[in-house]
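K.L.:
Residue-level listing of the chains:
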Amino acid sequence: MKPKLALYWASSCGGCEIAVVDIEEKILDVADFFDIVFWPCVMDFKYKDVEAMPDGDITICLFNGAIRTSENEYLAKLLRAKSKVLVAFGSCAQEGCIPGLANFYDKNSIFEFVYKNSPSVDEQSKGIYPVPITHMPEGEIEIPEFWNTVKTLDQVVEVDYYIPGCPPQSFQILNAVGAVIDILKNGKPLPPKGTVLGAGDKTCCDECPRERKEKKIKRFYRPQEIIPDPNECLLDQGIMCVGPATRSGCDALCVKANIGCRGCYGAPPNVTDQGAKMVAALSSVIDAQTPEEARKIMETLADPLGTFYRFSMASSILKRVQPKTRPDSSGK
Amino acid sequence: MSTTKEKSWSPRIVAFLCNWCTYTGADLAGVSRLKSSPSVRVIRTMCSGRVDPTFVLKAFKLGADGVMIGGCHIGDCHYSEGNFKTLRRVEMLKILLDQYGIDPRRLRLEWISASEGDKYAHTTLDFEQQLRELGPLQLTE
Numbered sequence: 001m002k003p004k005l006a007l008y009w010a011s012s013c014g015g016c017e018i019a020v021v022d023i024e025e026k027i028l029d030v031a032d033f034f035d036i037v038f039w040p041c042v043m044d045f046k047y048k049d050v051e052a053m054p055d056g057d058i059t060i061c062l063f064n065g066a067i068r069t070s071e072n073e074y075l076a077k078l079l080r081a082k083s084k085v086l087v088a089f090g091s092c093a094q095e096g097c098i099p100g101l102a103n104f105y106d107k108n109s110i111f112e113f114v115y116k117n118s119p120s121v122d123e124q125s126k127g128i129y130p131v132p133i134t135h136m137p138e139g140e141i142e143i144p145e146f147w148n149t150v151k152t153l154d155q156v157v158e159v160d161y162y163i164p165g166c167p168p169q170s171f172q173i174l175n176a177v178g179a180v181i182d183i184l185k186n187g188k189p190l191p192p193k194g195t196v197l198g199a200g201d202k203t204c205c206d207e208c209p210r211e212r213k214e215k216k217i218k219r220f221y222r223p224q225e226i227i228p229d230p231n232e233c234l235l236d237q238g239i240m241c242v243g244p245a246t247r248s249g250c251d252a253l254c255v256k257a258n259i260g261c262r263g264c265y266g267a268p269p270n271v272t273d274q275g276a277k278m279v280a281a282l283s284s285v286i287d288a289q290t291p292e293e294a295r296k297i298m299e300t301l302a303d304p305l306g307t308f309y310r311f312s313m314a315s316s317i318l319k320r321v322q323p324k325t326r327p328d329s330s331g332k
Numbered sequence: 001m002s003t004t005k006e007k008s009w010s011p012r013i014v015a016f017l018c019n020w021c022t023y024t025g026a027d028l029a030g031v032s033r034l035k036s037s038p039s040v041r042v043i044r045t046m047c048s049g050r051v052d053p054t055f056v057l058k059a060f061k062l063g064a065d066g067v068m069i070g071g072c073h074i075g076d077c078h079y080s081e082g083n084f085k086t087l088r089r090v091e092m093l094k095i096l097l098d099q100y101g102i103d104p105r106r107l108r109l110e111w112i113s114a115s116e117g118d119k120y121a122h123t124t125l126d127f128e129q130q131l132r133e134l135g136p137l138q139l140t141e
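Note that the protein sequences, when read in sequence, are chains V and B. Per the working numbering, the very first residue in the first sequence carries number 1; after that it's consecutive. Per the working numbering, the very first residue in the second sequence carries number 1; after that it's consecutive.
The shape of chain B in the complex, shown without the other chains (with noise of 0.2 Å):
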């Protein structure tokens, strides 16, 4: 790859983000006009525990770089108890992934609430950072 080409990447984002936080979290950070990471994709969902691990496998297939997905801050999920369901799946899937040879760290699960742009912005632009240093996910066939 030639420096040029290097300078010009920037990591893809595929970011899952439950409806009533840390969509709502997003949102916040953007009407705040704070700076968030331009990398992110967004796609939401109703619950943190609705991403099926099938979609993060899914998204580094097709090109994602790094996967983050955002819930709400435990004890507070809407439907009481999704986001635990997430939190074990999110660390079965680092452990899967290691074995897959894919760092772990490109996964990455965060708790923002609905009023926590900041660390919406803060969050995203810190993955966006760590993916640059990882540098692009290659995956061979």
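Just chain V, with the same shape it has in the complex (with noise of 0.2 Å):
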């Protein structure tokens, strides 16, 4: 019997799903292999197939997605429940990435601004916010609750590896795949629980290819106002680049494309807060002083909470904006 596979899908925008697909006529080796169970973006399941199985039935489950509604969070259980293996699979699922921004706000304010404040809410349906159920001549409708806090897959439910990326690099997806099929074929004894697979075990500096003098930056530029060296480090031209707190892994492809890195592989081994490591990586290379001056050079960089924290904010030490006003005893 071949290995059962199942992908899910949670708060993500699906680029994960394409990730996979991009690892092109390697599909077809994998769609041999497994017995794919469940792939809702892909193939036509429903989650009464997943919970009518056994627990432990599914072999391996990539999940990618945060977990922002009641929705998620009951498939990461049930998934959870019927797995073996549950791999957090890209950004979203191991650290928030961009779903995880919605941490900056409260589950109000965002329901305030997308269903009232946002200028394309039309006037009659402006502050008509949606509700778990609702009575119709006909029967209950039931949609899932929204959390006050976008969550991390294993702060919902245990997770046996990571797989990292925005999404995750075909290449590094063809590798973590190859070598979970090795595993499976010759029976060798699966790595150590929290691994990440697919990525590597330094920073994204030790991949970038360019040219690293002594740092002083003076001024942060943002990408319309500088014509960036294509052979000179990012940083030291005063660009914003997260490479010295991001994990190694994507091939420093954003670099290579004149673009500071983003961050997306997530923290690199070691760091728990990839925001705080990227204030300690800064502060040896601003060109400042005296406090003032420290200040003045980060007012040119625009939110530097986003930046530090594009993708992992949900993930961090304190996980997210303290919310202005206290969240309803219905927002979890």
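Treat the hints with care, since some could be wrong.
[Stated by the list, open to error] Calculated pairs, DMTMM-like style, for lysine to aspartate or glutamate (alpha carbon to alpha carbon, straight line, at most 20 Å):
1) V/324 x B/141
2) V/215 x V/293
3) V/77 x V/29
4) V/202 x B/52
5) V/319 x B/103
6) V/324 x B/103
7) V/84 x V/49
8) V/215 x V/182
9) V/218 x V/229
10) V/84 x V/51
11) V/218 x V/303
12) V/193 x V/229
13) B/35 x B/141
14) V/319 x B/98
15) V/218 x V/293
16) V/216 x B/81
17) V/77 x V/51
18) V/319 x B/27
19) V/188 x V/225
20) V/48 x V/71
21) V/107 x B/141
22) V/296 x V/225
23) B/61 x V/154
24) V/319 x B/118
25) V/215 x B/118
26) V/324 x B/133
27) V/296 x B/98
28) V/324 x V/293
29) V/324 x B/98
30) V/218 x B/81
[Claimed, not checked] Computed list of chain B residues with no C-beta within reach of chain V, every gap over 12 Å:
31) 20
32) 35
33) 44
34) 76
35) 78
36) 91
37) 119
38) 122
39) 139
Hints are computed from structural coordinates only; laboratory data are not their basis. Ideal placement from N, C-alpha and C gives every residue a C-beta, glycine not left out.
These two chains come separately, so use the hints to put the complex back together.
P.N.:
Below you can see the structure in the form of structure tokens.
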């Protein structure tokens, strides 16, 4: 009997699914080796199919997406129970990623904007907020509940392995899938729990081909304000690059395209908080001798918090920005 | 919160003090029998530059109402420029804390030399008073 594979998307953009399909014709080998039992993005499966499976029936489940709603959480728990190996696949599941930026706000302020104040809301629907259960003449309609805070997969269920990236690079997916097939085929032992697969164990700088000199940053430039030198370290040039606080594994994709690393591979090994690491890294490179100078330089950087935690807000130490209003009791 | 509880609340301060200056200054405050804040939990580091921003965020996460970092005066660092890194770091952290919705006054950087026991004493008392005015830090997850 073939090993069983499941793929699921929770709060995500669908990029991870595309990254999986991007392994091109090798997807046929995957389909050949595994019995794909659940992949809602690509094939027609229902949640009840999964509910009907015995526990631990799925050999490996690649779970992408953050936990934003009650539905995401239910599926995370369901797939955890039904899977022998649960992999947090991609940045959203691993560390919250872009959906995690919603942790700058809370449920109430998000609803307020999206369903009332946003310019795209038309007059008659202004202020109509979604509720979990609506009574209609025909019966009840139920939609998932929206949590107050975006969580990562491992904040909700136990996770066996992580594959980072937004999205994980296809060659890395291939490496990881190849390794899994090798393990299952040849009865090799599984890597220790919590292992990060399909990535390096250094920082993005380690893979970066640019030349580094002594850094003395006087100000930061936004991409439209400067034409970067293609060979020199971007941070040296005052272009924000989160490379020093980001795990290697993407082969320095963005910096090779003259764009600063955005940090999607998450915190490097032994680092708990990517943003704090970036503060530590920047403190040695900005050219300031007084607090006033340091502040002036930092003021040229738009939104430091969002830049340093673009992908890892939900998994950071503080996990969210403190809401101005306390969440209501229905929020979680 | 009831009034009695409010009265009994006292701020929790985590203080990272550098071995060469502020820690010795705190020691001097003690042996000189100066009244310093009893709310301070001191953690000695070899240099204020050793204080990783992670430590500060973790302290807040684990229940500190205020974090103080004490180092040698600028120009006096035992490792020549560790405290320059600290001052940049603290300034950046304050910007981040502000964005995080945490009052940046909860993080305090002070240069206190080994001979300034009195400065250590009144700085900690002053910080404690300031935190009493700010109230307890209640983080939402």
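K.L.:
Look at each hint and say if it fits the structure.
P.N.:
Hints, verified against the model:
For the proposed pair residue 324 of chain V and residue 141 of chain B, the alpha carbon gap of about 13 Å is at most 20 Å, so the pair holds. In summary, the hint linking residue 215 of chain V to residue 293 of chain V is supported, as the alpha carbons are separated by about 16 Å, within the 20 Å threshold. At most 20 Å may separate the alpha-carbon atoms for a hinted pair to count; residue 77 of chain V and residue 29 of chain V exceed this at roughly 29 Å. Proposed proximity of residue 202 of chain V and residue 52 of chain B is supported: the alpha carbons are some 19 Å apart, at most 20 Å.
With a CA separation close to 17 Å, the supplied pair residue 319 of chain V and residue 103 of chain B stays within the 20 Å bound. The suggested pairing of residue 324 of chain V with residue 103 of chain B holds, with an alpha-carbon distance near 12 Å, which does not exceed 20 Å. Of the supplied pair hints, the one linking residue 84 of chain V and residue 49 of chain V holds, its CA atoms being roughly 17 Å apart against a limit of 20 Å. At most 20 Å may separate the alpha-carbon atoms for a hinted pair to count; residue 215 of chain V and residue 182 of chain V exceed this at roughly 44 Å.
Taken as a hint, the residue 218 of chain V and residue 229 of chain V pair is honoured in the structure, with Cα atoms around 17 Å apart against an allowance of 20 Å. Restraint check: the Cα-Cα separation between residue 84 of chain V and residue 51 of chain V comes to about 15 Å, which is no more than 20 Å; the hinted pair holds. This hinted pair checks out: residue 218 of chain V and residue 303 of chain V have alpha carbons roughly 17 Å apart, not beyond 20 Å. Taken as a hint, the residue 193 of chain V and residue 229 of chain V pair is broken in the structure, with Cα atoms around 42 Å apart against an allowance of 20 Å.
As the CA atoms of residue 35 of chain B and residue 141 of chain B are separated by approximately 37 Å, the hinted pair breaks the 20 Å bound. A distance of roughly 15 Å separates the Cα atoms of residue 319 of chain V and residue 98 of chain B; the hinted pair therefore holds under the 20 Å criterion. This hinted pair checks out: residue 218 of chain V and residue 293 of chain V have alpha carbons roughly 9 Å apart, not beyond 20 Å. Pair hint residue 216 of chain V plus residue 81 of chain B holds up; C-alpha atoms about 15 Å apart against a cutoff of 20 Å.
Straight-line distance between C-alpha atoms of residue 77 of chain V and residue 51 of chain V comes to about 11 Å, which keeps the hinted pair within the 20 Å bound. Proposed proximity of residue 319 of chain V and residue 27 of chain B is contradicted: the alpha carbons are some 36 Å apart, above 20 Å. Our distance criterion of 20 Å between C-alpha atoms is broken by residue 188 of chain V and residue 225 of chain V, whose separation comes to about 53 Å. Taking the CA atoms of residue 48 of chain V and residue 71 of chain V, the gap is about 13 Å. The hint holds against a cut of 20 Å.
For the given pair, residue 107 of chain V sits about 12 Å from residue 141 of chain B by alpha-carbon distance, which is consistent with the 20 Å threshold. Between the alpha carbons of residue 296 of chain V and residue 225 of chain V the distance comes to roughly 18 Å, so the proposed pair stays at or under 20 Å and holds. Under the criterion of a C-alpha separation no larger than 20 Å, the hint pairing residue 61 of chain B with residue 154 of chain V is consistent with the structure, at around 19 Å. Using a Cα cut-off of 20 Å, the hinted pair residue 319 of chain V and residue 118 of chain B is violated, with the two alpha carbons roughly 38 Å apart.
A threshold of 20 Å between alpha carbons decides the hint, and for residue 215 of chain V with residue 118 of chain B the separation of about 39 Å lies outside it, so the pair is violated. A threshold of 20 Å between alpha carbons decides the hint, and for residue 324 of chain V with residue 133 of chain B the separation of about 18 Å falls inside it, so the pair holds. For the suggested pair residue 296 of chain V and residue 98 of chain B, the alpha carbons sit about 16 Å apart, so the restraint of at most 20 Å is met. For the hint pairing residue 324 of chain V with residue 293 of chain V, the CA-to-CA distance comes to about 30 Å; that exceeds 20 Å, so the pair is violated.
With a C-alpha separation of about 12 Å, the suggested pair residue 324 of chain V and residue 98 of chain B falls inside the 20 Å cut-off, and the hint holds. Taking the CA atoms of residue 218 of chain V and residue 81 of chain B, the gap is about 18 Å. The hint holds against a cut of 20 Å. The beta carbon of residue 20 of chain B is kept farther than 12 Å from every beta carbon of chain V, the shortest such distance being approximately 20 Å. With a least beta-carbon separation of about 29 Å from chain V, residue 35 of chain B lies farther than 12 Å from that chain, consistent with its non-interface assignment.
The non-interface label for residue 44 of chain B is consistent with chain V: the shortest C-beta to C-beta separation is roughly 20 Å, beyond 12 Å. Chain V leaves residue 76 of chain B outside its interface by the beta-carbon criterion, the shortest separation being 14 Å against a cut-off of 12 Å. Its beta-carbon lying about 18 Å from the closest one in chain V, residue 78 of chain B satisfies the requirement of being farther than 12 Å from that chain. Against chain V, the non-interface label of residue 91 of chain B is violated: not every CB pair exceeds 12 Å, the least being about 4 Å.
Residue-level check passed: residue 119 of chain B sits 18 Å from the nearest beta carbon of chain V, beyond 12 Å. Residue placement check: residue 122 of chain B keeps its beta carbon more than 12 Å from all beta carbons of chain V (closest about 21 Å). Not every C-beta of chain V lies more than 12 Å from that of residue 139 of chain B, the closest at about 7 Å, which undercuts listing it as non-interface.
The structure fails to meet hints 3, 8, 12, 13, 18, 19, 24, 25, 28, 36 and 39 from the earlier list, while all remaining hints are met.
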